[in-house]
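K.L.:
Single-letter residue listing:
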Amino acid sequence: MNLPVIFAVAAEAAEEAGKPFHTPAAGDLFNFAPLYDGAPEWLTYPMVIMTVVTVVLGAFFWKAFAKPKLVPVGAQNLGEAGVDFVRNQIANPVLGPEGAKWTPFLTVMFFWVLLLNVMGIIPGVQFPVTSRMAIPAMLAAIAWLIYNTIGIRNQGFFGYFKNMMFPPGVPKIIYVLLAPIELISTVLVRPLTLAVRLFANMVAGHMILAVLFIGTGVFFASGIGKVTFVLPFLFGTIMTGFEIFVAGMQAFIITILTAVYIAGAQEAHH
Amino acid sequence: MEFLATMVVLAQEAATTIDMAPIGKGLVYGLAAIGPGIGIGIVFGKAIEAVARQPEAQGLVQPLMFLGFALAEALALFGFVLFFILG
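Protein chains in written order, with our numbering: chain A, 1 to 270; chain B, 1 to 87.
Rather than coming from a laboratory, the hints here were simulated on the basis of the structure.
Nothing here was measured: the structure is a model prediction, and the numbers come from that model.
There's no promise every hint is true.
[As the list claims (entries may be wrong)] In silico DSBU-like cross-links for lysine-lysine, where the CA-CA straight-line distance does not exceed 35 Å:
| no. | chain 1 | residue 1 | chain 2 | residue 2 |
| --- | --- | --- | --- | --- |
| 1 | A | Lys162 | B | Lys25 |
| 2 | B | Lys25 | A | Lys172 |
| 3 | A | Lys226 | A | Lys172 |
| 4 | B | Lys25 | A | Lys101 |
[Unchecked claim] Rough simulated footprint, nothing fancy, chain A against chain B, three-plus residues with beta-carbon under 8 Å:
| no. | segment |
| --- | --- |
| 5 | 33 to 40 |
| 6 | 57 to 65 |
[Said to hold, decoys possible] Part of the chain A face toward chain B, derived, beta carbon under 10 Å:
| no. | residue |
| --- | --- |
| 7 | Gln89 |
| 8 | Asn163 |
| 9 | Val189 |
| 10 | Arg190 |
| 11 | Leu257 |
All C-beta atoms in this analysis are idealised placements derived from N, C-alpha and C, irrespective of residue type, glycine included.
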């Protein structure tokens, strides 16, 4: 469990020695008070992690590509591998010839979300910053602005909505059903699901890990639990591995979906 | 006598009235997840089949696969959001 919750729980336990253990509520896992008394409202633990991750990521990519050599070594090698992954697996297959133009944006999105997700399983930090809705919501808002602007710019304002709501090659009567569904789907549902997918996955994963590892402590502290504490610990270890996989997959999915939406808005629908 | 009758009525009501709100909230997401679970399985299964038949088609199939996945999963996410909206 992450350090602030451990300290809070331990402090509570030390204060109420002899009384039964109170497990943290769901809000305690995700809502953080400011770092110290009198701190500004926004200076919380997730903000600190996010700032550190952003600075480290920026510094890494700066060091990798500031003075590129023909034969890459060290940080440049790793940076090139990362950019190659995004360019060959996400940007080029989905966006085609425009892939090179979007690779920087998609690379930043992919690695930033990946690092913030992975913070959930790094010992000492153990809080997936993307489980605070602000970050997925902001990414979804940026993606929404981008693909709508690209669509309106490429196809004209009325052309964009006409091509979206009335795609050619469909029997005319279906348009009554299709047009509202397409409009709501593109304008409302896409950013919503982009945000909620990342948020829900990270919240659920963090809760599972919290339940299992706090459960380990609770089992160990109680009488019958002197041996059975191994069970939640083992399961928690397996779920940590699963969380690593989910972290990578969610970063990949949000990036490739942003690319798919941009590609869909770019083409002029024949 | 009347006091006793009132107490009996109140006790009966407390015993038989079940608080349905948490059950309803749980049911919302549980039922919402059935369809998209099947749908996403079909989408990815068909995509895997297509790539297995013709590996060169992966570049064409993969963006369509992700688009289909996003649309199918949207319905499950509606259920998840509704859980938080329902108080």
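K.L.:
Each hint should be assessed against the structure and marked as holding or not.
P.N.:
Against the structure, the hints:
1. With a C-alpha separation of about 39 Å, the suggested pairing of Lys162/A with Lys25/B is violated against the 35 Å cut-off.
2. The suggested pairing of Lys25/B with Lys172/A is violated, with an alpha-carbon distance near 40 Å, which exceeds 35 Å.
3. For a cut-off of 35 Å, the pair hint linking Lys226/A to Lys172/A is broken: about 70 Å separates their Cα positions.
4. Pair hint Lys25/B plus Lys101/A does not hold up; C-alpha atoms about 45 Å apart against a cutoff of 35 Å.
5. A count of 0 residues in the segment 33 to 40 of chain B with a Cβ less than 8 Å from any Cβ of chain A is obtained; the coverage claim is therefore unmet, three being the minimum.
6. Interface restraint, the segment 57 to 65 of chain B with chain A: holds (4 residues with C-beta to C-beta distance below 8 Å; minimum three).
7. Given hint, Gln89/A at the interface with chain B, holds; its Cβ is 9 Å from that chain's nearest Cβ, closer than 10 Å.
8. Below 10 Å, beta-carbon pairs count as interface contacts, and Asn163/A has none with chain B, the closest being about 16 Å; its hint is therefore violated.
9. Nearest Cβ of chain B to the Cβ of Val189/A: about 5 Å, under the 10 Å cut. The hint holds.
10. Given hint, Arg190/A at the interface with chain B, holds; its Cβ is 7 Å from that chain's nearest Cβ, closer than 10 Å.
11. Look at Leu257/A: its Cβ gets to within about 5 Å of chain B, closer than 10 Å, so that hint holds up.
Violated hints, in rising order: 1, 2, 3, 4, 5, 8; the structure is consistent with all others.
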